[in-house]
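Visitor: Could you build the full structure based on these sequences and the hints that come with them?
Number of protein chains: 2
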Amino acid sequence: MWSNHINYYLSMRTHELVLAWIEKQLSDGHLVLGGRLPAERALAEKLEVSRTSVREAIRILEAMGVVRAGVGSGKDAGTIVIAEPGTALGSALRLHVATQHLPVADIVQTRILLESWAVSRARADAPELLEAGRLLDRMDASTAVDDFLALDVAFHLALAEAAGNAVVSTIMGSLREAIEGYAAALTLNLPDWDSTADRLRREHRAILAAVNHHDGGRAAELVAAHIEGYYREAGLGQDPAETTA
Amino acid sequence: MWSNHINYYLSMRTHELVLAWIEKQLSDGHLVLGGRLPAERALAEKLEVSRTSVREAIRILEAMGVVRAGVGSGKDAGTIVIAEPGTALGSALRLHVATQHLPVADIVQTRILLESWAVSRARADAPELLEAGRLLDRMDASTAVDDFLALDVAFHLALAEAAGNAVVSTIMGSLREAIEGYAAALTLNLPDWDSTADRLRREHRAILAAVNHHDGGRAAELVAAHIEGYYREAGLGQDPAETTA
DNA sequence: GTAGTTGATGTGGTTGGACCACATGGAATA
DNA sequence: TATTCCATGTGGTCCAACCACATCAACTAC
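For the record, the sequence lines run as chains A and B.
Counting from 1 along the first sequence, just add 166 to a position and that's the residue number in my numbering.
Counting from 1 along the second sequence, just add 166 to a position and that's the residue number in my numbering.
Hints were generated in silico from the structure; no laboratory data involved.
Just so we're clear, the structure is a prediction, and the values are computed from it rather than from any experiment.
There could be a bad hint or two in this list.
[As the list claims (entries may be wrong)] Some, not all, of what chain A presents toward chain B, calculated at C-beta under 10 Å:
(1) Ile226
(2) Glu228
(3) Val263
[Unchecked claim] The calculated lysine to aspartate or glutamate pairs, modelled on DMTMM-like cross-linking and capped at a C-alpha distance of 25 Å, are:
(4) Lys190/A x Glu346/B
(5) Lys190/B x Glu211/B
(6) Lys212/B x Glu182/B
(7) Lys190/B x Glu343/A
(8) Lys212/A x Asp242/A
(9) Lys190/B x Glu346/A
(10) Lys190/B x Glu250/B
(11) Lys212/B x Asp194/B
(12) Lys190/A x Glu211/A
(13) Lys190/B x Glu214/B
(14) Lys190/A x Glu343/B
(15) Lys241/A x Glu206/A
[Stated by the list, open to error] Where chain A lies over chain B, by a calculated footprint (3+ residues, C-beta under 8 Å):
(16) 187-195
(17) 226-234
(18) 246-256
(19) 275-285
(20) 322-334
Think of the CB as a built atom: it goes at the ideal place given N, C-alpha and C, for glycine as much as any other residue.
Guide: Structure (structure tokens):
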């Protein structure tokens, strides 16, 4: 990475120089969320590098979920600072899963760890829990598999966010995204979707109830069993074992 | 991200197309760890895109820790497939910390969560524990602050790896890297480094002993207190509270 | 014959310039 | 006044050239 913290001006590639400049602007507060980077041509001239190098740096920042590039002119145009750490984590995890160097089982296990921790610490008065409840209501009325799974994602994310730790909920979402493809394929392995969906609905209600009753320990157990059970039923049976004790 | 899984050929930017092609080569096993990507010029011709677009895609993969680009010819030349998920996670986390959208306190808390889980599950016969012990011996002899901290990083990483979950240890390392700058600065706040170092040495020994005695629960408690205590003493007192129960 | 030199080759790194598609907003027009 | 049209500025893409670097084979000097 360009973050060697060492080769400041030694043999630094040009786009890394641009990257360092932009990162400094960010940490110094000269670039804030929603702000605009100088136009590519202008930035190239300012830093005395080619536009190509500026673009390579911006591509990286875009992949990291730090900026978004928009063509045209007006509101959505230009390169704008955003804050989507999940995109970077999700892409990175997915790529490394593709290269077989991050076992899917480890990802599932980590997801269980983070999510059970999150529900065990969720505050019962967190607004996210209300949203989670609404999502469950919608799941009751949902028949299409795609709809159900989309709501399922949103429910688990809302639950994780109720713990109030942005890093945990971001990583959790990325982990889920990284194995989304696998999960979707595995869903086809389920012997009886309707009964599975019913079971998932009951388990979701039980988890939310435990959180609302300030029983974080039980909520953690339930969510761990919930996730583990799903992947096992779908044929991804690795025995993640109990994860929070 | 280019991972929309939807806009396959709809309005896909050119470098995303290249990215998709390379990712497919990876997941299909046509590109393996240590393997070489086609030369930029050749790949550009093959995919009928400009070399610029190929380079933008490679820049992203490089930032993701998936490839490494080397000039010249011979062994280290060309663009080679590597597997360093930590670089992507570390850079992404660091950037988003810079933009103030990932609180340092949350990162510390997450690190405590992952690390205490890891030691609670570390197998007493893991070879990483022997390495961890050797690192502690070297820390006993270390007087320079920089040396000590470097060994400290290695010790904690070895401990985390003993749990056998690549995702957890990778994320943990990245979390640490993301706040490395802060930690280094905070070390200067310590009132008495020598006594702090002595305390850290004792705590390290106690953690390792607990793991070796198959007492994962105690090891988890010790490591949580260890990390929390360090950041609190250094002035990053956020009250991460107990994290594993 | 052996050791050293030199140049051809192939890699990524960088540059400048050109053109495109797009979205806006103001100027010219009906 | 309402509509049309175009100048402007943005990122997206491509091309052609050059550089620095590392290797390896051919060549040269001893």
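Visitor: Now tell me if each hint is right for this structure.
Guide: Checked hints:
no. : hint                : verdict
1   : Ile226              : holds, 5 Å
2   : Glu228              : holds, 8 Å
3   : Val263              : holds, 9 Å
4   : Lys190/A x Glu346/B : holds, 16 Å
5   : Lys190/B x Glu211/B : holds, 18 Å
6   : Lys212/B x Glu182/B : holds, 15 Å
7   : Lys190/B x Glu343/A : holds, 17 Å
8   : Lys212/A x Asp242/A : holds, 23 Å
9   : Lys190/B x Glu346/A : holds, 16 Å
10  : Lys190/B x Glu250/B : holds, 19 Å
11  : Lys212/B x Asp194/B : holds, 18 Å
12  : Lys190/A x Glu211/A : holds, 18 Å
13  : Lys190/B x Glu214/B : holds, 17 Å
14  : Lys190/A x Glu343/B : holds, 17 Å
15  : Lys241/A x Glu206/A : holds, 17 Å
16  : 187-195             : holds (count 3)
17  : 226-234             : holds (count 6)
18  : 246-256             : holds (count 7)
19  : 275-285             : holds (count 5)
20  : 322-334             : holds (count 4)
In summary, this structure violates none of the numbered hints.
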